[in-house]
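Peer 1: Build the full structure now, drawing on both the sequences and the hints.
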Amino acid sequence: GAVVSQHPSRVICKSGTSVKIECRSLDFQATTMFWYRQFPKQSLMLMATSNEGSKATYEQGVEKDKFLINHASLTLSTLTVTSAHPEDSSFYICSASWGGGAAGNTIYFGEGSWLTVV
Amino acid sequence: EDKVVQSPLSLVVHEGDTVTLNCSYEVTNFRSLLWYKQEKKAPTFLFMLTSSGIEKKSGRLSSILDKKELFSILNITATQTGDSAVYLCAVWNGANSKLTFGKGITLSVRP
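So the protein lines, in turn, are chains A and B.
Counting in our numbering, the first sequence runs from 2 upward without gaps.
Counting in our numbering, the second sequence runs from 2 upward without gaps.
To be clear, the hints were calculated from the coordinates, so they are not data collected in a lab.
Hints are not guaranteed to be accurate.
EDC-like cross-link-like pairs, simulated, lysine to aspartate or glutamate; straight-line CA separation at most 16 angstroms [stated by the list, open to error]:
# : chain 1 : residue 1 : chain 2 : residue 2
1 : B       : Lys104    : B       : Asp3
2 : B       : Lys104    : B       : Glu40
3 : B       : Lys99     : B       : Glu40
4 : B       : Lys38     : A       : Glu112
5 : A       : Lys42     : B       : Glu40
6 : B       : Lys42     : A       : Glu112
7 : B       : Lys4      : B       : Glu70
8 : B       : Lys41     : A       : Glu112
9 : B       : Lys99     : A       : Glu112
Peer 2: If you want it as structure tokens, here you go:
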């Protein structure tokens, strides 16, 4: 099946610094990518939807100036957590959609990135 | 707001048992319901269901959707320890192209 690669898988950063997480679709062109956050024992919460070449659409309560999303090409989206704080520590997962994401088997998840802010 | 409720929240069984995992939903513009298995990493896709009453099957796993009663079940027969995971149910809203997840069901299969 299609592969979505997410990097880094784990990152520890100091409070106040910024961290960038990359999401790449390796064998297909992803018109839409989704960024999720998952706290321990919680479900995946959609943060934002990014479409190639346009601004991301953020979910209510997600600060767009804090979580910068860039989808500059059909194979790469990045999430930058700016001025990270310990409460931003979480598991961040991207998913990539091909063909508009109308069917579940065209939505593929990256491996996830564990962010720890100390 | 779209909503997905899964039950039970957690389940402990012994190898060889059969389990049924439940998922009920409310969505403004239903497109599909998806089941994922999540171990200590990102979810892996299991099934996508769009039509009522048609069972999807993959080995020991099967799933069915009831669009009238707005629920789905995921069955696992002859469970193995490798089935231990969190099972996530999600619904795809065709109007806004968003996937809403339930909280997941933690399944523990004991030897």
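Peer 1: Keeping to a limit of 16 angstroms between CA atoms, is the pair of B/Lys99 and B/Glu40 held or broken?
Peer 2: 23 angstroms, violated
Peer 1: Holds or violated: are the alpha carbons of B/Lys42 and A/Glu112 at most 16 angstroms from each other?
Peer 2: 6 angstroms, holds
Peer 1: Decide if the proposed pair is consistent with the structure: B/Lys104 and B/Asp3, CA atoms, cutoff 16 angstroms inclusive.
Peer 2: Measuring from Cα to Cα gives roughly 13 angstroms; hence the hint holds.
Peer 1: When you check the alpha-carbon spacing of B/Lys38 and A/Glu112, does it fall within 16 angstroms?
Peer 2: 13 angstroms, holds
Peer 1: Starting from A/Lys42, check that the Cα of B/Glu40 is at most 16 angstroms away, please.
Peer 2: This hinted pair holds, its Cα atoms lying about 12 angstroms apart.
Peer 1: For the pair supplied as a hint, B/Lys99 and A/Glu112, confirm whether the alpha-carbon distance does not exceed 16 angstroms.
Peer 2: Given that 16 angstroms is the threshold and the Cα spacing comes to 20 angstroms, the pair is violated.
Peer 1: Checking one constraint from the list: CA of B/Lys104 to CA of B/Glu40, max 16 angstroms. Satisfied?
Peer 2: Distance ~14 angstroms between B/Lys104 and B/Glu40 Cα, so the pair holds.
Peer 1: Going straight from one Cα to the other, do B/Lys4 and B/Glu70 come out at no more than 16 angstroms?
Peer 2: Roughly 14 angstroms separates the two Cα atoms, so the pair holds.
Peer 1: Going straight from one Cα to the other, do B/Lys41 and A/Glu112 come out at no more than 16 angstroms?
Peer 2: Roughly 10 angstroms between the alpha carbons, so the hint for B/Lys41 and A/Glu112 holds.
This entry does not satisfy hints 3 and 9, going by the numbered hints stated previously.
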